[in-house]
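Next come the chains, spelled out residue by residue.
2 protein chains.
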Amino acid sequence: MFDCISIIGCGLIGSSIVRAISEKHISKKIVIYDKSNKALSFLKKEIPKVELAKDLFTASKNADLLIVATPLSSYKEIFLTIKDCIKKNAIITDTGSAKKEINKIIENLDLKNNSWIASHPIAGTEDSGPKAGFAKLFENRWCIISPSPKAKKEEIMQVQKFWELLGSKVKVMSFEDHDYILSLTSHLPHAIAYSLVRTAIDSKDKFKKAVIQYSAGGLRDFTRIAASDPIMWRDIFLDNSENILTTLDNFSNNLEELKRAIKEKNGKELIKIFLATKEVRKEIIEAGQDTEQPNFGRKKD
Amino acid sequence: MFDCISIIGCGLIGSSIVRAISEKHISKKIVIYDKSNKALSFLKKEIPKVELAKDLFTASKNADLLIVATPLSSYKEIFLTIKDCIKKNAIITDTGSAKKEINKIIENLDLKNNSWIASHPIAGTEDSGPKAGFAKLFENRWCIISPSPKAKKEEIMQVQKFWELLGSKVKVMSFEDHDYILSLTSHLPHAIAYSLVRTAIDSKDKFKKAVIQYSAGGLRDFTRIAASDPIMWRDIFLDNSENILTTLDNFSNNLEELKRAIKEKNGKELIKIFLATKEVRKEIIEAGQDTEQPNFGRKKD
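Going line by line, the protein sequences match chains P and C.
In terms of the working numbering, the first sequence has 107 at position 103, counting the first letter as 1, and numbering is strictly consecutive.
In terms of the working numbering, the second sequence has 19 at position 15, counting the first letter as 1, and numbering is strictly consecutive.
Treat the hints as calculated values from the structure; they're not laboratory data.
Mixed in with the good hints, there may be bad ones.
Identical chains share a label here; the pair holds if one copy fits it or two copies do between them.
[As the list claims (entries may be wrong)] Derived DSS-like pairs: lysine-lysine, alpha-carbon spacing no greater than 27 Å straight-line:
hint: 1; residue 1: LYS212; residue 2: LYS263
hint: 2; residue 1: LYS263; residue 2: LYS208
hint: 3; residue 1: LYS263; residue 2: LYS80
hint: 4; residue 1: LYS165; residue 2: LYS104
hint: 5; residue 1: LYS156; residue 2: LYS276
hint: 6; residue 1: LYS91; residue 2: LYS286
hint: 7; residue 1: LYS154; residue 2: LYS263
hint: 8; residue 1: LYS286; residue 2: LYS165
hint: 9; residue 1: LYS286; residue 2: LYS58
Keep in mind it's a predicted model, so treat the numbers as computed, not measured.
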């Protein structure tokens, strides 16, 4: 499909893309770059046919599809470094979880010969690094692509086709809609999970050990997402701060309503709140967004 | 082990106890009562050897171990009805998720010939009713038992042995410690999950459908516990309100700290918060409180 695909950043997501491209023969050449030599040699050993790039320049110059799979905070430096050496007509995409701010950086570069078509594969596990990756990570997952207004229709189709070959279902969406929807489906839940786990496990509490021991009653389910990569999440919270702060305020208002119902011993109001969320669960199952697989199917086999 | 065990309440937990007692031959006689005749005849069909009690009186009079597995809000009426007809020297236990308030009710009855040894099996699924139950529900789960001060040591040992025969690990704990620890491990997470799902799925939002569609990014993990039985959770929130309100206030303070860090774009503070919760995850895995089984091993096969 492409003569050469380059992947910059070989963590959980980047290395999984490399493995999937290799297994499915999607590109004649696969060039990889990571600032960690250890990550690169680890992948080279596993997939001998990949070519290691010694720097960002080498990684970018021959790619027909250039995939940036690094933390959001590194994009600016990376794009400033590579912007003048990207191959003419190459498509640039990424795997970042927030889009609006990143898009401003890229629009400012005013790339004349390249199309920017952002991607966000909604896939991941609680683990990070190249060892955690696996080829099937994207199978049956959604991937949202957000093209720059200048991108051509056939280029958007190519990126869509690329993710479909990796097994994903693709949805095209504006940067703004993406960031708003993800603030609700992913960023808010992570903010809440971090705060919840922090509250429950107060290291000064004499019951700390007991709380961990009996965590199966609900708390445990939150600790998985509260164990996600700290750098990735710092970047998301800073990039999508406006949406996240609004949804957090809405959440706090809902929580105050619940507290008031508890304080006033208002059983009817509590039932009303609980029934509403029970309905949501049904809708999620009906939308095929649940799975019986271990860890919601997120884990490596 | 017992000549006769009676179970009052045949929902998810009660019916699972009935199945486990039957499979493991823990009692010569099993008597069951539920206010729903449908629930009773359903279980009778599945396990012909159980005896159906037509009322609370019949259910209680011959039991050596009497297990109340109904919502907390029904205890007062049940205990007032049965208190004078319970067999002499019978042990009374339950399966409730909050203890302090219930214990007051039972102490007030001033039972002279019976020992009250409360139980809380930390086991369950998002489903309710007798069809949802299964015999292995308690295997490898914790069960906390909280004896009244008047209970004899050998009686406490009998209740412990009973749960161990059902496959549980048992811990003896005071009513107060139980309610505090459970407020952190279970009640707080449920309060948060209900509020989170309510916030994310605002039915007036034009993106409601999209939010459900892309819920795999974090939100979905919360919808399971936000789908638990509303009546059971109303009762828990009312009974353990003092502890729950305190932990909710602590949670709100932690959330405000996170909001402040986001507002001030304080990346260092964010990393600090996220690293702390990553550690907790390790401790939970080390404590053997995680599982690779589907739905954390909570589901029926």
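**Asked** Hint by hint, which ones does this structure get wrong, listed from lowest number up?
**Response** Violated hints (numbers, rising): 5, 6, 7, 8, 9; every other hint is consistent with the structure.
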